[in-house]
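Novice: Take the given structure of chain A and dock chain B to it, following the hints.
Number of protein chains: 2
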Amino acid sequence: MNKKFDHQALFRFTQSVFEKIGLSRSEAQQAADILITAELRNVSTHGLMRLPEYINLWKTGRITVTPRFKIVRETLSTALVDGGKGLGLVTGPKAMKLAIEKAKNAGSGWVAVRNTYHYGIAGYYAMMALEHDMIGISMTNANPLVAPTFGLKGMLGTNPIAVAVPANKQPPFVADFATAAVARGKLDVWEEQGRQAPEGVLQDKNGNITTDPSALKKGGALLTLGGEVEKGGHKGFCLTAIVDILTAVLSGANFGPTVVPTLGYVKDKTKTQDKGIGHFFGAFRIDAFQSADEFKSYMDEWIETFRNAPSIPGHEKVIIPGDPERTAEEKNRSNGILLSENTYRKIKIIADEFNLPFPQTKP
Amino acid sequence: MNKKFDHQALFRFTQSVFEKIGLSRSEAQQAADILITAELRNVSTHGLMRLPEYINLWKTGRITVTPRFKIVRETLSTALVDGGKGLGLVTGPKAMKLAIEKAKNAGSGWVAVRNTYHYGIAGYYAMMALEHDMIGISMTNANPLVAPTFGLKGMLGTNPIAVAVPANKQPPFVADFATAAVARGKLDVWEEQGRQAPEGVLQDKNGNITTDPSALKKGGALLTLGGEVEKGGHKGFCLTAIVDILTAVLSGANFGPTVVPTLGYVKDKTKTQDKGIGHFFGAFRIDAFQSADEFKSYMDEWIETFRNAPSIPGHEKVIIPGDPERTAEEKNRSNGILLSENTYRKIKIIADEFNLPFPQTKP
Numbered sequence: 005m006n007k008k009f010d011h012q013a014l015f016r017f018t019q020s021v022f023e024k025i026g027l028s029r030s031e032a033q034q035a036a037d038i039l040i041t042a043e044l045r046n047v048s049t050h051g052l053m054r055l056p057e058y059i060n061l062w063k064t065g066r067i068t069v070t071p072r073f074k075i076v077r078e079t080l081s082t083a084l085v086d087g088g089k090g091l092g093l094v095t096g097p098k099a100m101k102l103a104i105e106k107a108k109n110a111g112s113g114w115v116a117v118r119n120t121y122h123y124g125i126a127g128y129y130a131m132m133a134l135e136h137d138m139i140g141i142s143m144t145n146a147n148p149l150v151a152p153t154f155g156l157k158g159m160l161g162t163n164p165i166a167v168a169v170p171a172n173k174q175p176p177f178v179a180d181f182a183t184a185a186v187a188r189g190k191l192d193v194w195e196e197q198g199r200q201a202p203e204g205v206l207q208d209k210n211g212n213i214t215t216d217p218s219a220l221k222k223g224g225a226l227l228t229l230g231g232e233v234e235k236g237g238h239k240g241f242c243l244t245a246i247v248d249i250l251t252a253v254l255s256g257a258n259f260g261p262t263v264v265p266t267l268g269y270v271k272d273k274t275k276t277q278d279k280g281i282g283h284f285f286g287a288f289r290i291d292a293f294q295s296a297d298e299f300k301s302y303m304d305e306w307i308e309t310f311r312n313a314p315s316i317p318g319h320e321k322v323i324i325p326g327d328p329e330r331t332a333e334e335k336n337r338s339n340g341i342l343l344s345e346n347t348y349r350k351i352k353i354i355a356d357e358f359n360l361p362f363p364q365t366k367p
Numbered sequence: 005m006n007k008k009f010d011h012q013a014l015f016r017f018t019q020s021v022f023e024k025i026g027l028s029r030s031e032a033q034q035a036a037d038i039l040i041t042a043e044l045r046n047v048s049t050h051g052l053m054r055l056p057e058y059i060n061l062w063k064t065g066r067i068t069v070t071p072r073f074k075i076v077r078e079t080l081s082t083a084l085v086d087g088g089k090g091l092g093l094v095t096g097p098k099a100m101k102l103a104i105e106k107a108k109n110a111g112s113g114w115v116a117v118r119n120t121y122h123y124g125i126a127g128y129y130a131m132m133a134l135e136h137d138m139i140g141i142s143m144t145n146a147n148p149l150v151a152p153t154f155g156l157k158g159m160l161g162t163n164p165i166a167v168a169v170p171a172n173k174q175p176p177f178v179a180d181f182a183t184a185a186v187a188r189g190k191l192d193v194w195e196e197q198g199r200q201a202p203e204g205v206l207q208d209k210n211g212n213i214t215t216d217p218s219a220l221k222k223g224g225a226l227l228t229l230g231g232e233v234e235k236g237g238h239k240g241f242c243l244t245a246i247v248d249i250l251t252a253v254l255s256g257a258n259f260g261p262t263v264v265p266t267l268g269y270v271k272d273k274t275k276t277q278d279k280g281i282g283h284f285f286g287a288f289r290i291d292a293f294q295s296a297d298e299f300k301s302y303m304d305e306w307i308e309t310f311r312n313a314p315s316i317p318g319h320e321k322v323i324i325p326g327d328p329e330r331t332a333e334e335k336n337r338s339n340g341i342l343l344s345e346n347t348y349r350k351i352k353i354i355a356d357e358f359n360l361p362f363p364q365t366k367p
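Residue numbers (our numbering), protein chains in the order written: chain A, 5 to 367; chain B, 5 to 367.
Bound conformation, chain A alone (with noise of 0.2 Å):
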């Protein structure tokens, strides 16, 4: 059956979801954009397969709807936010435009938040820098599902980091990337494909290499970014353990395997309060270094020469990160957005739970 769907459509439904369990109108249209723009990006994985995650940590009341935003300490360059148990989804947006407005006037802005839950693609914050000729910077933590190299448990978050770039005749530059080997989502992409995982990026509950990606749902976890040492693993470790630490130790979040586990298969041994996740958001203004056009047209060179290089025969070329979802975006914006099997499920019952009417398969 086909399940594509016009993206407004599919927009205005995630807005009436988020409204229903209590967000404000603009913060209901706020969460579902962002949303709606994995969904575009063809980041499904941050789309509506999240929903059900959301409206159970509501349910839960782990999250509440009407979060206050706090700004516990700042500097002309940076502030603490306490997101007072509100979604990322919220509470992000806010912390990103925060500073922005801190790079307007200093040149950087810095802002870290604590309390606060899943946000859903880096990569949005960041770009919302580039409107305003600035480098826009995201990360968060997550749960715990990365070892250590030498680790036995996964013990850090996948931990992305998101970073936007603007040129000037060329599109942005924008890598939005999880510090892990690979994403959790991959694994059950890869599970429901009946597929075998690559060698070196999983190991089981005994901590052996293993390419079965169920793995995580056995006890085992994910290998940092590198795999194994000789590999530059520890490397990889090093990345992830940064994002935890200014993401969460600098904002007083949950750390590493302190995160309350927001997955049905990840046992919570948190022995501490629930201070919910971290993100940190950063902007530089382009013109504190280099005027904007001089800067711009620079990175229109760099992205040409990435872009143009000789590519290994038989293999695509050298890809800037941020066109494939930049392309995907444009296509699915007039084509519709397919919607898994899985995800539609899921979403459909949250629709008929709601009483929402679930939008109609575009033609």
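No wet-lab data here; the hints were simulated from the structure. As the structure is a computational prediction, the values presented were derived from the model and not from experiment. Treat the hints loosely; a few may be bogus.
Because identical chains share one entry, a pair is satisfied inside a single copy or across any pair of copies.
Stated by the list, open to error - Distance condition first, Cα-Cα at most 35 Å in a straight line; then the derived DSBU-like pairs of lysine-lysine:
1. K89 x K108
2. K108 x K74
3. K209 x K321
4. K335 x K366
5. K321 x K190
Specialist: Chain B only, in chain A's frame:
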């Protein structure tokens, strides 16, 4: 033959070499301190074996020994610096100090540097922030040796990132890593030992994965952190690209493949002007976010949690970034620094050339 030397004797020798080529006494001391710190921390790839490269930059007129440190543009929290064709060993510490000064006032400080050359270990600069109760960040671009994902040629440096975070009872967290799958220095070691490189960190001149540690010298390239795409290599490309953009595009230095090589076996294919490489330094004042005491105790908790984590049977314990280097430094301060036969030969030639007495070996 014993090649162990007292670190202070090596420091004085190194300072004399820098004075001989024309650095001021204090700048020669500063440059020597960075190289000897690398030796003490067992990062010998960035220690005395680099001296011939620096001398060569001077002989070929690519660096000046009395560079002008010029702030081109600045805001409350940022500055763009032109390094005036000085060595990074001279310009880097001044730029990092400027970032720290900015952070004192504005909460964070960020300094991009162009027209500069090799700056030694990235971690040295990040650690400068620790005594100020700040988080220090340092990165640089470098010789184009790393192939972007699907790319045939080395176009990016091994572009290291260093982040130093203060703790209270625990020693600081100090991550300092090249963002490629393996550092170039590792290849030399493997080649000397007649070992093969691991699968998935190197490609040959046709873009095929190879285990030949001399592949770089034969027109091959290093792979990005993560290696092949199915193991996350494209994320490694993003990471190395971000460092290239922040250090070189933002500062107006030579980026990626336009970096004028300092290695004999990398052909100079650049058609652009030599604007040096780029560095990027940052500092966050801890108490811009939380009281320093509160943060540092929480950081202790982070470090202890990971240090005491269960490890895979038969493996080492989880290593806190910075621990091995600090342990080495403590040991080498009293026991002396062991130079490789190769490094010894190289700097003995320099000693003879400048008519400087070479330190006696340590008993």
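Novice: Now tell me, hint by hint, if it's right for this structure.
Specialist: Checked hints:
1. Within a single copy, K89 and K108 get their C-alpha atoms as close as 28 Å, and across copies as close as 31 Å, so both meet the 35 Å cut-off.
2. Taking CA atoms no more than 35 Å apart as the test, K108 paired with K74 passes in both settings, with 21 Å inside one copy and 24 Å between copies.
3. In this assembly of identical chains, K209 and K321 lie within 35 Å of each other by CA distance solely across copies; the values are 17 Å between and 38 Å within a copy.
4. For the identical chains of this complex, K335 and K366 are intra-copy neighbours only, at 14 Å inside a copy versus 69 Å across copies, given an alpha-carbon limit of 35 Å.
5. Both within a single protomer and between protomers do K321 and K190 lie at most 35 Å apart by alpha-carbon distance, with minima of 23 Å and 29 Å respectively.
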